[in-house]
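Visitor: With the hints as a guide, dock the two chains, each given alone in a separate frame, to form the complex.
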Amino acid sequence: MSETVLRSPAGVIAPPGAARGRRRRSVYARRRGRSGLAFVTPFMIIFTLFMIAPLGYAIYQSLYTTKLIGGTRFSGFANYAAVLRSGPFWGGVIRVIVFGGIQIPVMLAIAFFFAAIFDLGVARWGPVLRAIYFIPFAVPIVVSSLMWGFLLDPAYGPFNRLMNAIGFQNFNWLSANLMLPSIIIIAIWEWTGYNCIILYTALKSVPRDVVEAAILDDTPLWKIILRIKLPMVRPAIIMLVFINTIGAMQLFIEPTILNNYQAGVVSNTWTPVIDIYNTAISDGEYQLGAAMAVVLAVVIIAISVASLAFRNRRREFA
Amino acid sequence: MLSERNPERRITHRLAATGIAGVAAITLLAACSSGGSSASNSTTPAASASASASASSTPVLAGGNCSSSATHLTFWAWVPGMSRAVNEFNATHPDICVTLQDPGAGSGEYVPLNNALKAGTGAPDVAEVEFDLLPSYEIQHYLVNLVPYGADKYKADFASWAWSQVSQGSAVYAMPSDFGPMGFYYDKQVLAKYHITPPATWAQFAQDAIKLHSENPKAYLINFPANDPQWLMDMMAQAGAWPFQYTGGANLTIDWTGPAQEKFAAFWQALINDHAVDAITDLSTEMNTDLDNGVLAAAIYSAWAPSYFAPDVKHSMGQWRAAPLPQWTAGASVGSDWGGSTYPVFSQSKHPAQAAEFAEWLTATSQSWSILKTPPSSLFPTYLPTLQSPAFKSLTYPISGTSQPNQVFSAGALSIPLTTWPPFMTQVLTQGATTFGQVVTGKETLAQAFAAFQQQEVSYAKSQGFNVTT
Chain A
0 MSETVLRSPA GVIAPPGAAR GRRRRSVYAR RRGRSGLAFV TPFMIIFTLF MIAPLGYAIY
60 QSLYTTKLIG GTRFSGFANY AAVLRSGPFW GGVIRVIVFG GIQIPVMLAI AFFFAAIFDL
120 GVARWGPVLR AIYFIPFAVP IVVSSLMWGF LLDPAYGPFN RLMNAIGFQN FNWLSANLML
180 PSIIIIAIWE WTGYNCIILY TALKSVPRDV VEAAILDDTP LWKIILRIKL PMVRPAIIML
240 VFINTIGAMQ LFIEPTILNN YQAGVVSNTW TPVIDIYNTA ISDGEYQLGA AMAVVLAVVI
300 IAISVASLAF RNRRREFA
Chain B
0 MLSERNPERR ITHRLAATGI AGVAAITLLA ACSSGGSSAS NSTTPAASAS ASASASSTPV
60 LAGGNCSSSA THLTFWAWVP GMSRAVNEFN ATHPDICVTL QDPGAGSGEY VPLNNALKAG
120 TGAPDVAEVE FDLLPSYEIQ HYLVNLVPYG ADKYKADFAS WAWSQVSQGS AVYAMPSDFG
180 PMGFYYDKQV LAKYHITPPA TWAQFAQDAI KLHSENPKAY LINFPANDPQ WLMDMMAQAG
240 AWPFQYTGGA NLTIDWTGPA QEKFAAFWQA LINDHAVDAI TDLSTEMNTD LDNGVLAAAI
300 YSAWAPSYFA PDVKHSMGQW RAAPLPQWTA GASVGSDWGG STYPVFSQSK HPAQAAEFAE
360 WLTATSQSWS ILKTPPSSLF PTYLPTLQSP AFKSLTYPIS GTSQPNQVFS AGALSIPLTT
420 WPPFMTQVLT QGATTFGQVV TGKETLAQAF AAFQQQEVSY AKSQGFNVTT
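First to last, the protein sequences are chains A and B.
So for the first sequence, numbering that gives the first Met the number 0 puts the first residue at 0; every next one is plus one.
So for the second sequence, numbering that gives the first Met the number 0 puts the first residue at 0; every next one is plus one.
Hint data in this document are derived by calculation from the structure and do not stem from the laboratory.
Bear in mind that the values here come from a model prediction, so they are computed numbers and not experimental data.
Glycine included, C-beta positions come from ideal geometry on N, C-alpha and C.
Any given hint could be a false lead.
Partner residues aside, some chain A positions facing chain B, computed with beta carbon under 10 Å [unchecked claim]:
#, residue
1, Ala175
2, Val264
3, Thr268
4, Trp269
5, Glu284
Below 25 Å or equal to it, Euclidean Cα-Cα: the simulated PhoX-like pairs (lysine-lysine) are [said to hold, decoys possible]:
#, chain 1, residue 1, chain 2, residue 2
6, A, Lys222, A, Lys203
7, A, Lys66, B, Lys154
8, B, Lys117, A, Lys66
9, B, Lys152, B, Lys349
10, B, Lys154, B, Lys392
11, B, Lys152, B, Lys217
In isolation and in its complexed conformation, chain B is listed as follows (with noise of 0.2 Å):
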């Protein structure tokens, strides 16, 4: 999604930075801070700080202009600059009409969603869910296989890892969108100050991480926010030390505890002890401050990272470059995915198949990503036809010179290893923050933090009815 990690956060910060008194302004907090600006949070971040504006609950952003006789459709998404898709849609489906209305990014949206899920009634149509929550819908059976509405055509046309993400089993319960292809994030003229090249290993890594610190006391090679569970998820991930396996159904098995996790923990506990990473929160205006001051030298960041960051940047501008991801065999090519949306049908819509069609157009469609991928949507593409083409790979962006950070972030796109999330992301994202926030504030290691979020999420399993396996 390039849509927002934690709009709420950045909104709040970028305003109340500003200074701005205003009755819109007090609104505008008062609507963000409901919507939960704590750990709880459970979006995945974003490309656009332009999303700012996604915050407000503006009713109804597109559609309206519609004949009578059209089968009308509500759309929830908090993406900005979404109304230009959907209106291209209204004009070029003169059968159907899409009402676009925002409740928000993340929380903003999912918590009145699950409240008219719950209630049997008010539900959009087609709503924007992140991949990490679409199983949480799954469960409940909240979402219209896709299947029968022709969504298995549309296969070849996405990356691997997004389309494994919406299906399960035979089924398919949401057109993907966007992703975060994730890789070494860096200012090369800070790494060119300490004589460090992007590490190819996460062993180079951890020396160049020592090296820098021991260099400048007061700089950091990157910031290592365990208090964000998506993003040690992600780096899980990409280390074959993924947590979790379910596919549906009762069974359900979680290891934080394994061999793969403990060397994995132990790499970064290695680095904590050392203070050779930063622990401040990721996703802040301290961490953008901290990378364009050269506190931060780099970040291991997201597809999304241009447009999220390039707000905060003053000094740098310029001077960023995407390197992918150091790697734990030397030669090896794996990568990881940080957020991203689908769009799944509603089994409370009365329209599924015109709905289905509406998801299909804009996500698997050259028209929908003409737009999606601009300015102030910026959306990074599972669609491969976009993702793959010269025009997208090419992109420059204003903070990162003449580079094309496409180009590797687009490589990255086709190595993701494949992951499945518990039906209950909510939870584990919100006591994982507390969990491992032991682990930034020094009170606990991070092997020591794994094998306590075990204990807690095989108990709330099983409080759930899940048989775990460990």
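So that you can see chain A by itself, here it is in the shape it has in the complex (with noise of 0.2 Å):
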């Protein structure tokens, strides 16, 4: 008997209720991940098609090199060596990340001050506000480029004048020390909206009781900001950081747009994502160019990593 019982748990004599329950739970099992299947295929097939695939593709050509004269051939890593030991290309990469390094805090600052100004509700007309200030988003950014451009014309742009006016002379926006600000400036306008929203978002999801606790304590209303709002949506900035970080080191619309309106200051090789356009397309070094991009997709990879390691070092995400 003793000996039966000991044996069924491996199923040679089983209780039928035992089995059945088994085999439910498996069914049950494939069922789920058949339906689960079912539901990431259509994402998987396009994410497949036009993400991986390409990807796969742009690494097995950035082991080529086609010359003019000569062909195609099998060069190894040889792209990838001269991407890292290109001056050029490099300069772009740390020019792209001053660029965010200084965009990126000054326009969450903007935003999460204005957003905070919503989120109490002591504006007047915050609905049509929000809605003003995230209109610079709407509009395509080649758009803004070649507005700002005209703004910013060194010859006939009204900031130059109003420049001019008040004792700068030759004030020149679009000079080559005055580029990437101007392009900051730009980048600020365009995006302090979006960020903005999301963090009012963000906000508003702050318990209410938190806060009431706080006014009862008489805490002053900076401190309320700072101290208890602030905290409660860092995660919220910690993504938009990560976000605006990735756009960043991709700067190309806004360099290319302002190119046409000074002369001499954005080279071909301003930033990463131009450098790797004027590679593959103006000089059809296409593999070079894919290499490139490879290379890029590391770095954002790096910063990435470094970012959600942070996030979870810091235990912001469950």
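Guide: Here is the structure:
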């Protein structure tokens, strides 16, 4: 008897109910797996076709070199060696890191300031103002870059005339020294509204009772904002830092458009993406361009992973 | 070509200037931007501002009413008003049906064209390709030799410079269409104000430039767009300082640092140092505004100038005159060319004979030229029967009053020094815009930029497998 009982779990003389239970679980699991697969498949097909496959193809291409004289040959990591040695490419990477390092904190500070004001409800036309601040984000970047190009134009732009009128002679917003600061201003203008809306939504989800308790304790308003609300929306801020950093690394349209207003400032390697575009399209070195794109992707992934590790260490997300 | 140097730039400026915010404009602008309005533009200047329409990718502009038995050809071009010529061809050639598509000027066309040629399928039978880019297609064997299809018999009908551009050895790889002989284009009232007459020599030009700027420190005789390698190289051609030698194959000569090049660089550097020339982007709204306001009294411009510049003219209407280029040797008459297009047949074409017939009709018949010389195409012909006809030479333009600028440009058309382009011109133009841009911002002298460019080009050519002679 005891022997039988002991052996039963192995399934030799298993009670009918136990077997049925096990089978039912596995069918359920299988069915759940199947429906899950059905939900994921459409996305995965498109993701594979338009993300994974091109990515794989780019990596494959980056291992070859095509010459006008001599044709295509496997060149191993020669393209990567060329990218790693390329001063202009890394100069561009440093430029976009400087760009992001200034633009993102300033923009987030402004965005948080306005989000906090909207959240407090002290602004009379809150919803209208929120919509107005959001408009720059809705304008295509090409259009806004053109508009800013005219505003900052060295010869006829109103901003230069203003600077001349208040005593700055020959002030040129698009000169070699001021091009990057000008693009930072443009990017802040473009993206503050978008970041503001996200922070506003995050602030709205801060529990009211926490704030009310602080009010009952006679906590000053600025302390409520900076000591209570700001820490509670930190996950949203870190996510925005993350997204904006990836965007900053891919700076392309603004300098490309502004290049038409001031000759000789935006070089063909000014940002990594401009460099990749010109290498692949103008120089016809598609494979070298692919290698540069892969290196840039690795740099972005490294920044993202570092940011994730930072978040996990700080236990920002469960 | 009279069709477009940097159409994206012009179009975007124009649209933005008029403040169009509609969806159509946004779509158009987005399309322009994807074409790359960066320095990477390899397109040559264009005649007509109405070319703005060309940037929108209208799918099919002509063709469609053909008989079912006709041979179908696909044709890409961005010359505004080209559909008129295509319709005329289809009407008079019932066996052939040409469908015109306009993928956009310059890189708008070249990028999809290059992709299709690389992919081995999807290229048109015939497309518009500028002179300077022809060798880039020849070296990759993308073009059909048109000699077996009778192209040779038209040789005498074309300006010799244009025919040399489309020939390589005994082969002819395209039919030449329009070009842009250069001249000294000036506002006669502004020049008269400073008591300057169009300079006959560059020495005189330098004196005039210094004199004008010292009389009015806010004004200049011309601007010096060093960031535009096309303009710069065309000026070097006239100075006998052409920096490239290429006749096909793997051998290439690159010389930006020879005595002729150094002399050329020193001449302009002296004017830059004296601030006697302005350094602003050419073919821009800013340059056109400066020309119109008298900030710039003149421009070293091209035959397409009257139609290219006209839309921006408000104050100086009727005052613009053309004179021959100043000369390096007194009494000589050396011209130069800026831009222009050809019509090659691609090796992907399943109907090369019919495609060649179309390209030949388009470029070498007076039926076609009677259409293409008129607005909105306003092409300046390489086809001698049209180029030398009194009717063409005596054309007048509103911005030039009663003067006949084509008299000057037609004469200049026959004295253009022969030039050969390296088979990677987009690289030259993109890298050149950056390297010579250092001259505009004052970081380098022209000679320093030439030396840097020499190194960059030699290094690029070697990496592409060429035997480089310096």
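Visitor: Now tell me if each hint is right for this structure.
Guide: Here is what the structure says about each hint:
1. Ala175: Ala175/A check passes; min Cβ-Cβ to chain B is 5 Å, inside 10 Å.
2. Val264: Interface hint status for Val264/A: holds (7 Å vs cutoff 10 Å).
3. Thr268: holds, 7 Å
4. Trp269: holds, 9 Å
5. Glu284: holds, 8 Å
6. Lys222/A with Lys203/A: At roughly 17 Å apart (the allowed maximum being 25 Å), Lys203/A and Lys222/A satisfy the hint.
7. Lys66/A with Lys154/B: violated, 33 Å
8. Lys117/B with Lys66/A: holds, 14 Å
9. Lys152/B with Lys349/B: The given pair, whose Cα atoms are some 23 Å apart, holds under the 25 Å limit.
10. Lys154/B with Lys392/B: Roughly 22 Å separates the two Cα atoms, so the pair holds.
11. Lys152/B with Lys217/B: Since the Cα atoms of Lys152/B and Lys217/B sit roughly 54 Å apart, the hinted pair is violated (cutoff 25 Å).
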